[in-house]
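Participant: Throw the hints in and build the complete structure from the sequences for me.
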Amino acid sequence: MTAAPTAAPPASAPANPRSRVLVASLVGTSIEFFDFYVYATAAVLVFPALFFANDDPAVAQLQSLAVFGVAFFARPIGSVVFGHFGDRFGRTRTLVASLLTMGVATVLVGCLPSGLTPGWEVAAPAALAVLRFVQGLGLGGEWGGAALLATENAPAGNRAVYGTFPQLGAPVGFILANGLFLVLSLTLSPADLQAWGWRVPFLASAVLVLVGLYVRVKLVEAPEFQAVLDRGATSRLPLGRTLRTGWRGLILGALALLATFTLFYLMTTFAVTYATSPRIAEAAEAAATTAGKPFDASAFHAGLGYARTDFLLMLLVGVVFFAAAIVVSGALAQRRGARPVVVASAVGMVVFGVLFDPLLAAGLPGTLMFVVLGFVLIGLAYGAVGSLLPGMFAADVRYTGASLAFSLAGIIGGAVAPFIATWLWDVGGGGVGLVGIYLSVASAISLVAFLVAREHDTADATSAGAVDATR
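With the sequence shown counted from 1, adding 3 to any position gets you my numbering.
Some clues are possibly wrong.
[What the hints assert, rightly or not] Derived CB-CB ranges, DEER-like:
| id | residue 1 | residue 2 | range |
| --- | --- | --- | --- |
| 1 | L191 | V354 | 45 to 55 Å |
| 2 | A194 | A100 | 38 to 48 Å |
| 3 | P158 | K221 | 14 to 24 Å |
| 4 | I80 | L319 | 40 to 50 Å |
| 5 | I254 | D313 | 34 to 44 Å |
| 6 | V451 | A364 | 36 to 46 Å |
| 7 | G434 | V346 | 29 to 39 Å |
| 8 | S22 | L319 | 35 to 45 Å |
| 9 | Y217 | W123 | 28 to 38 Å |
| 10 | G122 | V455 | 51 to 61 Å |
| 11 | G434 | D59 | 16 to 26 Å |
| 12 | G243 | A100 | 38 to 48 Å |
| 13 | V455 | G160 | 36 to 46 Å |
| 14 | A100 | D313 | 32 to 42 Å |
If you're looking for bench data, these hints aren't it; they were derived computationally from the structure.
From the three backbone atoms N, C-alpha and C, an ideal C-beta is built for every residue, glycine too.
Facilitator: As structure tokens, this is what we get:
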């Protein structure tokens, strides 16, 4: 039964205060990415030894990364589930549910016994994989809803700028997560960090979730979607309608974001492993001896030999440039349209792939330049996505369509990137030139997708750089 509309706000007047919309979209995605990065960092630094004890450290690392990738495959399911309710019954309540789903799963990870606990050798890794799957469900419904919260409440002609606020949650969450791990690494011994310190970021997410809930429960639906609700024009099966009318948007949206996801997870996951691996076999052998594990010289591949805390600090510096690039991207997209911005960033990523190995081989200055350039390119692409991707879909399926395209990009880009890069590192005999080629190919695919997509004819969509992939 459809309730009669009562005092619905006019479409030209936002139903929510602008400050509340911007804070809610930023805070929610900051918590989302904090939870996600906490796991990503732990998956590289501590989980291989705690949950996947193996005589071969490389195998343990791959097992840990495989569980890390589980969430990416859960994301499309979360996009369908939360998108269904968001498109049928409303964005605001659905956003609260997605935040709770991810937050509860993250806290429970912090409560898990490790695989070293007697009786938990099999159960602990299995439980970790299940909770990682639940995390992915929540993430699948979070980004699309936050992007809609910002852009559907934006004044006419300002969607690109508003669309950058949920995007800023990525660097904010990264700084909080990796900053906390950096503090723990500096203040705790390696033994204490592995014994209990790694749990602190997971448990701390409970506080952040409460903050996010406080902000979001005060929101009402945006006028644009409230009008859809008042007309009773919501889709009964948003997924079916999306597949019928928005399939082109799903394909182009996922491929367009392929390079951004690939580069981001190469920078934040694979690069941590490569940069902190010993430069010489003797150092690796000494570390294995200290850990009481055998050392296989034939399986050794040299890394950059940076201390864990030093490279985390480099990443934090890079993420500051990431945030600045997102702001610049939004401003450029508002003035010139999003497509020129994302096309330029894709071209830059193709070139960056060629420079991948030379920069990392150039010592500390080259590594710093690698980190800064990589995050700037990610930010330029990511900043425009908040307004571009929702513009590919009609209002009644926008939550489902934008969320699903984003999640599919996460699978073909983020989920497999660390795993493929680690394998290419091994195949390449310890060099990362093949990893750079992999990035260049992914970036070329995204470039083609951006060029094939077509812009809307409406003034607001053009100013925001929205793309019509359904015509």
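Participant: Decide, hint by hint, whether the structure agrees.
Facilitator: Hint check results:
no., hint, result
1, L191 <-> V354: 45 to 55 Å, "40 Å, violated"
2, A194 <-> A100: 38 to 48 Å, "39 Å, holds"
3, P158 <-> K221: 14 to 24 Å, "20 Å, holds"
4, I80 <-> L319: 40 to 50 Å, "32 Å, violated"
5, I254 <-> D313: 34 to 44 Å, "41 Å, holds"
6, V451 <-> A364: 36 to 46 Å, "30 Å, violated"
7, G434 <-> V346: 29 to 39 Å, "30 Å, holds"
8, S22 <-> L319: 35 to 45 Å, "28 Å, violated"
9, Y217 <-> W123: 28 to 38 Å, "36 Å, holds"
10, G122 <-> V455: 51 to 61 Å, "54 Å, holds"
11, G434 <-> D59: 16 to 26 Å, "20 Å, holds"
12, G243 <-> A100: 38 to 48 Å, "22 Å, violated"
13, V455 <-> G160: 36 to 46 Å, "26 Å, violated"
14, A100 <-> D313: 32 to 42 Å, "40 Å, holds"
The earlier numbered hints that this structure contradicts are 1, 4, 6, 8, 12, 13.
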